[in-house]
Amino acid sequence: AQSVTQPDIHITVSEGASLELRCNYSYGATPYLFWYVQSPGQGLQLLLKYFSGDTLVQGIKGFEAEFKRSQSSFNLRKPSVHWSDAAEYFCAVGRRTGNQFYFGTGTSLTVIP
Amino acid sequence: GAVVSQHPSWVICKSGTSVKIECRSLDFQATTMFWYRQFPKQSLMLMATSNEGSKATYEQGVEKDKFLINHASLTLSTLTVTSAHPEDSSFYICSASSPTVNTEAFFGQGTRLTVV
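One line per chain: the protein sequences are A and B, in this order. So the number in my numbering is just where the residue sits in the first sequence, counting from 1, plus 11. Under my numbering, the second sequence has 80 at position 88, and the numbering climbs by one with no breaks.
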């Protein structure tokens, strides 16, 4: 069965510091992987996605993620965090056919000045 | 990118009444729409998948008679919470997929339902 694990429920970083959010998945085939961000009371915004090819993918707002098949991971990174990055981040895996998503439990990011 | 709009953004209703939430794909035809539910500080849980013109497929544990889903056109799906109770209070989000971009879904902004 497919599942997504985000081990860190909450992370606090200082503004300007680097960030890494962890995501591990369990899937029967090559997954489609996504990172979404959700601001309070808002919907989801796609940060980046991986389907195939280069395992390091670039997204919006300076985010990147690396797909590591051997570790079943798709960690999200940002070299320098901004206060506006404070939000909830969700990793998701999608089916190859259709667009049914399975989400991780999310990581809440707090940015301190 | 493609736009998905949900309406209303928030709604308060009395216990025992029914509430309808609309999900529209504004600039593309969505053959498939998905409904998710998000409890406070938790992840999104898939409730059901609806394909235009056919019955929705519900995930295990989701009451189909409680959460009525209709996908009557390629641009509109509705979720009706029937006989709502306070425990139905939640954040509901829809997503829609386009046959021209079948590896990505587009999410609505969500609907906050509060049942009092």
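Just so you know, these hints were derived from the structure itself, not from any lab. For every residue, glycine included, the Cβ atom is placed at its ideal position computed from N, Cα and C. Incorrect hints may appear among the rest.
On the chain A side, residues computed to face chain B include the following (Cβ under 7 angstroms) [claimed, not checked]:
id, residue
1, Gly54
2, Phe114
3, Thr116
4, Gly117
5, Leu120
Status of the hint placing Thr116 (chain A) at chain B (closest C-beta pair under 7 angstroms): 5 angstroms, holds
Interface restraint verdict for Leu120 (chain A) against chain B (beta-carbon cut-off 7 angstroms): Violated - the Cβ of Leu120 (chain A) stays beyond 7 angstroms from chain B, reaching only about 13 angstroms at its closest.
Restraint satisfaction for Gly117 (chain A) [CB to CB of chain B, less than 7 angstroms]: Hint holds; Gly117 (chain A) Cβ to chain B Cβ min 5 angstroms, cut 7 angstroms.
Hint check, Phe114 (chain A) versus chain B [nearest Cβ-Cβ separation less than 7 angstroms]: Hint on Phe114 (chain A): holds, closest Cβ of chain B at ~5 angstroms, below 7 angstroms.
Chain B contact restraint for Gly54 (chain A) - C-beta distance below 7 angstroms: Holds, about 4 angstroms.
The earlier numbered hint that this structure contradicts is number 5, and it is the only one.
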